[in-house]
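**Q** Below are the chains, spelled out letter by letter.
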Amino acid sequence: MQFPILSIIVFTPIITGILILLIPAERKTEVRVTALAAATFALALSIWAYFGYDIPAGGYQFIEKYSWLPQFGISYHVGIDGMSAPLVLLTGVVMFTGVLISWGLDDRPREFFAFLFILATGVFGVFVALDLFMLFFFYEIAVFPMYLLIAIWGWKETREYAAMKLTLYLFIGSVVALVGALAMYFTSGLGTFDMLQLENAGFSTTFQRVVFPFVFFGFAVLGGIFPFHNWSPDGHVAAPTAVSMFHAGVLMKLGAFAALRVGIMLLPEGAKFHMGWIILLTLVNVVYGAYIAMVQTDFKYVIGFSSVSHMGLVAMGFATLNADGMLGAGVQMFSHGVMTALFFAVVGMVYDRAHTREIPRLGGFRKMMPLVTLAFIIGGLVSMGMPGLSGFIAEFPIFMGVWGTAPWIAIVAAISIVITASYIIRIIGRVFFGQVPEEFEGHITDVTVLDKVALVLLSAILIVVGIYPAIMTPLVESGVNNILRLLGGA
Amino acid sequence: MSEIPFEPWWIIAILPEILLIVLAILILTLDLVLPVASRRNLGWVTAGGLGLILILALIFSRPTGEALIWGGMLAQDWLGFTFRMLFLFAAAMTAMFSMDLPRLGNRGEFYVLMLASTLGMMLMASSADLIMLYLAIETTSIPLYVLAGFLTQDDKSTESGFKYLLFGAMTSAIMLYGFSLLYGFAGTTNLYELATRFQQGIVSDATLMGVLLLVLVGFGFKISAVPLHFWAPDVYEGSPTPIAGFLSTASKAAGFAVLLRVFLAVFPALAPYWGAIIAALATATMTLGNLLALAQKNIKRLLAYSSIAHAGYAMIGVVAVSYLGASATVFYLIAYVVTNLAAFGVVAAVGRITGSDEIASYAGISRRSPWIGIAILVSFLSLAGMPPFGGFIVKFVVFAAAVEAGMIWLAVVGVLNSIIGLYYYLTVLKHVYLYRSEDEGKPLPITRPYAVGLVVLILGIILIGTVFAPWITLSGSAAAGLF
Chain A
1 MQFPILSIIV
11 FTPIITGILI
21 LLIPAERKTE
31 VRVTALAAAT
41 FALALSIWAY
51 FGYDIPAGGY
61 QFIEKYSWLP
71 QFGISYHVGI
81 DGMSAPLVLL
91 TGVVMFTGVL
101 ISWGLDDRPR
111 EFFAFLFILA
121 TGVFGVFVAL
131 DLFMLFFFYE
141 IAVFPMYLLI
151 AIWGWKETRE
161 YAAMKLTLYL
171 FIGSVVALVG
181 ALAMYFTSGL
191 GTFDMLQLEN
201 AGFSTTFQRV
211 VFPFVFFGFA
221 VLGGIFPFHN
231 WSPDGHVAAP
241 TAVSMFHAGV
251 LMKLGAFAAL
261 RVGIMLLPEG
271 AKFHMGWIIL
281 LTLVNVVYGA
291 YIAMVQTDFK
301 YVIGFSSVSH
311 MGLVAMGFAT
321 LNADGMLGAG
331 VQMFSHGVMT
341 ALFFAVVGMV
351 YDRAHTREIP
361 RLGGFRKMMP
371 LVTLAFIIGG
381 LVSMGMPGLS
391 GFIAEFPIFM
401 GVWGTAPWIA
411 IVAAISIVIT
421 ASYIIRIIGR
431 VFFGQVPEEF
441 EGHITDVTVL
451 DKVALVLLSA
461 ILIVVGIYPA
471 IMTPLVESGV
481 NNILRLLGGA
Chain B
491 MSEIPFEPWW
501 IIAILPEILL
511 IVLAILILTL
521 DLVLPVASRR
531 NLGWVTAGGL
541 GLILILALIF
551 SRPTGEALIW
561 GGMLAQDWLG
571 FTFRMLFLFA
581 AAMTAMFSMD
591 LPRLGNRGEF
601 YVLMLASTLG
611 MMLMASSADL
621 IMLYLAIETT
631 SIPLYVLAGF
641 LTQDDKSTES
651 GFKYLLFGAM
661 TSAIMLYGFS
671 LLYGFAGTTN
681 LYELATRFQQ
691 GIVSDATLMG
701 VLLLVLVGFG
711 FKISAVPLHF
721 WAPDVYEGSP
731 TPIAGFLSTA
741 SKAAGFAVLL
751 RVFLAVFPAL
761 APYWGAIIAA
771 LATATMTLGN
781 LLALAQKNIK
791 RLLAYSSIAH
801 AGYAMIGVVA
811 VSYLGASATV
821 FYLIAYVVTN
831 LAAFGVVAAV
841 GRITGSDEIA
851 SYAGISRRSP
861 WIGIAILVSF
871 LSLAGMPPFG
881 GFIVKFVVFA
891 AAVEAGMIWL
901 AVVGVLNSII
911 GLYYYLTVLK
921 HVYLYRSEDE
931 GKPLPITRPY
941 AVGLVVLILG
951 IILIGTVFAP
961 WITLSGSAAA
971 GLF
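Chains as they are written, first to last, in our numbering: chain A, 1 to 490; chain B, 491 to 973.
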């Protein structure tokens, strides 16, 4: 038997979370050190899994399968392919940097890290799940800690509202998808929830066309698809920094990924039938999201809506159902995850010191925190799709793919790049350059070493993927080939 | 299932019931002997004794096949056995949660009444004869009326006991009338005989359905299904908290045991008719329970409405009229009993210190006692149906049963309801974790019985929610006898 690397990745966070709960509440440093140790361990393993994936062999690797509920054909079945491997790595990175950034959190850090780690287990579980039931199981595990994390440690003004809104949205989405999944289970007649077997269930075209919207939109809610994106900016803004990072960086990918895995891969005929109009929704996401981001005055809302816009590109890539679009979407999930984690980290650092996020009231932070400024500029350039950074590697194929199906959509969508550039440059100019307002004079300090480590790590990843795309694209391509095979070589 | 002549193992088959009576006598004796100050320990004796009975029963009394014993009065099968074990467990937990309550835990008769009621439930789950069934239901109910009104200095408790008695007596009379008609038509009181006779078509379906409705009134009261749910919130609010927990778990499960046996084993031919009725009732029960729970300010009333809603989910499995459906209901009840006992246990533990059952008084609880916070978190999220807790898998199985039976609409209703449910469970958690209160500095001491009971229940919730296979096997064998 091989080393159960994926299981260890999945269960390390939750076991650590439980152990953390056993540490007495007042020993906060021990809590933090334990959390960091576990996060480092999980990151190391996810790096190992990422680079250990054998690209020429393709398919699902590091497979483990144990019977869980044999009466229903439910098994604990995990494995990663070219699509999910980058996402596992992404989760490891965000978890690690999230712990670093939350080091200074003083209100009940024990519970905070415990809930954050339960969330991480849910996320890892979804990315590696090859069993439909298991996917739901972990998906729900990822949803509820979010409520507590936002409601307890979030921004006082909106946290209760935002947390409840987010939880209900996601729960509604997931249960709608659940009914669709049960229909798939019983219709297939195979008596199994194993997705590798359900891929070959041979559902009738009619069935696929009817069920697809339920499953796809049920999950895509979490991916922030228009018109169900409404929870996401509120949630991002209300959440504490590390949770915003997790939320926008990883959780939204969870939705997109599950919509791909369950919706498109198991119901390919349904996907082909519906994608014609879904791509229009994603276009709204991309352009409208960017436009709303532009008119925000709250720093964090700008980033929140930019996530909606960028996740729209992911969904758009999927909606093309062709090799280029899928490849771009796969890379974009990773690239956006790292980029947005970086953005939210920066927003958190600025807010912690200035106690305001109103862009007109900020200014000149370059002088106090040079490294943060540099990191934000790198993130901003990624966001605009500048060549040499990961954003370009992701967005260029998406636009190519869209051009291949509907050129005019690509043209309209390209407007978003201009809008993105405008809001990013505005923030850089207003917040980081210019005059320091008098109220901040003298008492804004630079960020801590741990914060810097987190920012450097995140920026470095964006640059490495940008200048050496071969580190990621062949891997994602192998995953895309698998999807295209199911779509009938489209 | 057929009757067989007396064999010595019949005594072993009812060993739990016999030991239960022995335990009750022991408690009565100890109550006379022990000094008042240490009578609280009767709770340990009760809980320990019940635990011992549970273990002995699991070792010796497991049913080997299906048979009617004791003159056709009792059915020896896994359906009855599973529920009987569940009642023993629930009674043990309730005894522990009652120990430290003033004017309750140090009264020997309290434990004896609870054991008497448990005995009734155990007989309910396995009775195979209308007369036995009626006696068992009354043996269950009468001690519960007393227990609900046990705190005689408390007006609310007395009121709740009396209200429960009035509702119970009325529905029981209607049910008894239904029983008498069944006997009148068929000339037998044995359930399985009834099944055979009615298959010969001695009565028209319409008449039989009418009679079944009368019977359903009695069962519906036990499981607090809409429109027979009115008693539940008032009675739960007024009665001592552990008893409210006992009512909402064991007593409700007993009602379901009877419902499953009578409707599925005796009247399978009429399933299309009563299935439609119960489907409508399940929809109403879920929806009304959840909607009314939204407005509650008192945690016991909230749990009362939530337990009404949960009866609705469990009924989905009955409606499916299938093997999967019946086992889903049994499984649902197992998880629900464990979860709801934990929820009421926490409420009892907190109420004992704060003296209030208002949801507002839960503000800052997680800061006063992180462990109580976690216990509330686990039990309420399990009620909401979140993994990795028991509530998730059982909802999944119940909805699966509905989809399998071609009733996707019912699964959708259930799903929508669980969204409403999530909202009010989260509202409670918001008080526990988010809101601050002036009492934060005060400690929230948890006595040993609560600690032991809650740890067992929380572990149980997680165990059910992660290791499913043994539970499904158990519920499956319980359901197998019905088809």
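Please keep in mind that the hints were generated in silico from the structure rather than gathered at the bench.
Positions of the beta carbon are idealized from the N, C-alpha and C atoms, including for glycine.
Warning: the hint list may mix true and false statements.
Said to hold, decoys possible - Pair ranges (Cβ atoms, derived):
1) V210(A) / D644(B): 55 to 65 Å
2) E930(B) / Y351(A): 54 to 64 Å
3) L703(B) / F186(A): 25 to 35 Å
4) L19(A) / E848(B): 30 to 40 Å
5) A850(B) / T158(A): 17 to 27 Å
6) E848(B) / F3(A): 28 to 38 Å
As the list claims (entries may be wrong) - Facing chain B, from chain A, some residues (calculated, C-beta under 7 Å):
7) I63
8) Y66
9) L69
10) I141
11) A151
12) F171
13) I172
14) V179
15) L182
16) F186
17) S188
18) L190
**Q** Decide, hint by hint, whether the structure agrees.
**A** For each hint, the structure was consulted:
Checking the proposed 55 to 65 Å range against V210(A) and D644(B) shows it holds: the Cβ atoms sit about 57 Å from each other. Roughly 27 Å separates the CB atoms of E930(B) and Y351(A), a value that falls outside the hinted 54 to 64 Å. For L703(B) paired with F186(A), a C-beta distance near 32 Å keeps the hint of 25 to 35 Å intact. Hint check: L19(A) to E848(B), Cβ distance near 35 Å, so the stated range 30 to 40 Å holds.
About 22 Å separates the C-beta atoms of A850(B) and T158(A), a value consistent with the hinted range of 17 to 27 Å. Our hint of 28 to 38 Å for E848(B) and F3(A) is violated, since their Cβ atoms are close to 53 Å apart. This hint is violated: I63(A) has a C-beta 21 Å from the nearest C-beta of chain B, more than the 7 Å allowed. Here the hint on Y66(A) is broken, as its CB sits about 11 Å from the closest CB of chain B, past 7 Å.
The beta carbon of L69(A) is positioned within 7 Å of a beta carbon in chain B (closest approach about 4 Å), and the interface hint is therefore held. Checking I141(A) against chain B: minimum C-beta separation of about 5 Å stays under 7 Å; hint holds. With 7 Å as the threshold, the beta carbon of A151(A) comes within range of chain B, its nearest partner Cβ sitting at about 5 Å, so the hint holds. Interface hint status for F171(A): upheld, as the beta-carbon distance to the closest one in chain B is roughly 6 Å, under 7 Å.
Checking I172(A) against chain B by beta carbon gives a least distance of about 6 Å; that is within 7 Å, so the hint holds. For V179(A), the suggested interface contact is upheld, since its CB lies about 6 Å from the closest CB of chain B, less than 7 Å. Residue-level restraint check for L182(A) holds (minimum Cβ-Cβ distance to chain B is 4 Å; threshold 7 Å). Hint status for F186(A) relative to chain B: holds, with the closest Cβ pair at about 5 Å, below 7 Å.
Given the 7 Å rule on beta carbons, the hint for S188(A) is violated: about 12 Å separates it from the nearest Cβ of chain B. Given the 7 Å rule on beta carbons, the hint for L190(A) is violated: about 14 Å separates it from the nearest Cβ of chain B.
When held up to the earlier numbered hints, the structure conflicts with 2, 6, 7, 8, 17 and 18 and fits the remainder.
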